[in-house]
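Number of protein chains: 2
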Amino acid sequence: MPAVRRRLGPEERRQQLVQLGVDIIKERPFDRLLVDEVIAAAHISKGLLFHYFPSKRDYQVAVVRAAADELVSLLQPDPSLPVLDQLRHGIDAYISYIEGNPASYNAIVRGAGSDEALLALFEDTRDEIVQLITGEITPDPSPLLRLALRGWIASVEESSFLWLRDHPCSREALIELLFQAALQLLPLVADAADVE
Amino acid sequence: MPAVRRRLGPEERRQQLVQLGVDIIKERPFDRLLVDEVIAAAHISKGLLFHYFPSKRDYQVAVVRAAADELVSLLQPDPSLPVLDQLRHGIDAYISYIEGNPASYNAIVRGAGSDEALLALFEDTRDEIVQLITGEITPDPSPLLRLALRGWIASVEESSFLWLRDHPCSREALIELLFQAALQLLPLVADAADVE
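So the protein lines, in turn, are chains A and B. For the first sequence, this note's numbering assigns the number 947 to the initial residue and increments by one for each residue that follows. For the second sequence, this note's numbering assigns the number 947 to the initial residue and increments by one for each residue that follows.
If you are wondering where the hints come from, they were derived from the structure by calculation, not from laboratory data. Careful, some of the hints might be misleading.
Identical copies go unnamed one by one, so any copy, or any two together, can satisfy a pair.
Said to hold, decoys possible - Derived pair list, reagent style EDC-like, types lysine to aspartate or glutamate, alpha-carbon separation capped at 20 Å:
1. Lys972 to Glu1062
2. Lys992 to Glu1118
3. Lys992 to Asp1086
4. Lys1002 to Asp977
5. Lys1002 to Glu1062
6. Lys972 to Asp982
7. Lys972 to Glu1122
8. Lys1002 to Asp1073
9. Lys1002 to Glu957
Model, not experiment: these values are computed from the prediction.
Isolated chain A, as found in the complex:
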């Protein structure tokens, strides 16, 4: 019996195409994502892809956005845990994500170049992570706390990236280092607010 090709609804098709891209950029920089391999894998024409995404760039941005959403969803804290354990778990999940998806991670945090759509997407992703961290404490973090936490998130990104490359300490020691660095920021932010 010949294989029957399923007809997908528009939203289902869009999601399928984005997911194909998300899987490809787990292995390879997103700017080397080829439209031809996506349409081959989805058994569709180039015209149909461009029906959903007006340009290759729009498609790439949709794929990077979906990868960023995947990361943020993995970082969702478990509200049944004590707040400090939530933070530790978040750091652990972040490292696991980078371990499992090094190319996607690079696409999300380092691949923007000067592309404005991607830079805006990275801004949003980092702000969402700040929101996850502060959500249990305050719905509206001060700009200064946000600055400090975004700095901390950048240090988590960079340290995790180097840890995966060099493994200079155990995973537990890395998590503890990043966790303590976050805790120590809070009084520093309070001091900086006083000086203001």
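With the hints as your guide, set chain B onto chain A.
Just chain B, lined up with the frame of chain A:
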């Protein structure tokens, strides 16, 4: 009297072309650096530019490298100062650089995309900054200390970028926040080395 066009020696010419690019990327993302405007400003032919730089990409990388060298040279500590003051001055100089050269800064720290030559250049630049920080203390920092300091440098980059955008505290308060965060890292690194 007509202007006399100076004949430059090869090294002088190369430097002139790189410096033209460094000045342009102070204002604009380096990937929008146009070869045509460089040759127009230097009054030379495209062929001569490509004599010095085999491709546009080689030229761009040389320009970003020169911009990174400029940053690192501004961060050189003054050995006549106490070590902690050197660190404070370094943070201050870093913020000044970003203030004065926002586009170059973006080129140096955020513009790599997946370009391997640029990614390697960013790695080198960050390692050079680590070396500036640890030079007074140890000629050969442990991989763990390097990891922690590179994380800290990433947080300085991100925090300074947000500070320039949002100004949520005074410049002095920002410097103090980043300075104290660096100091507090050192015992955390020692603890992480113990756990190892």
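Hints versus structure:
1. Lys972 to Glu1062: Between copies only: 18 Å across chains, 22 Å inside a chain, cut-off 20 Å.
2. Lys992 to Glu1118: neither (47 Å within a copy, 55 Å between copies)
3. Lys992 to Asp1086: neither (44 Å within a copy, 54 Å between copies)
4. Lys1002 to Asp977: both (10 Å within a copy, 19 Å between copies)
5. Lys1002 to Glu1062: within (15 Å within a copy, 22 Å between copies)
6. Lys972 to Asp982: Within one copy only: 17 Å inside, 37 Å across.
7. Lys972 to Glu1122: Result: close neither inside a copy nor across copies, 27 Å intra and 39 Å inter.
8. Lys1002 to Asp1073: neither (26 Å within a copy, 36 Å between copies)
9. Lys1002 to Glu957: within (18 Å within a copy, 42 Å between copies)
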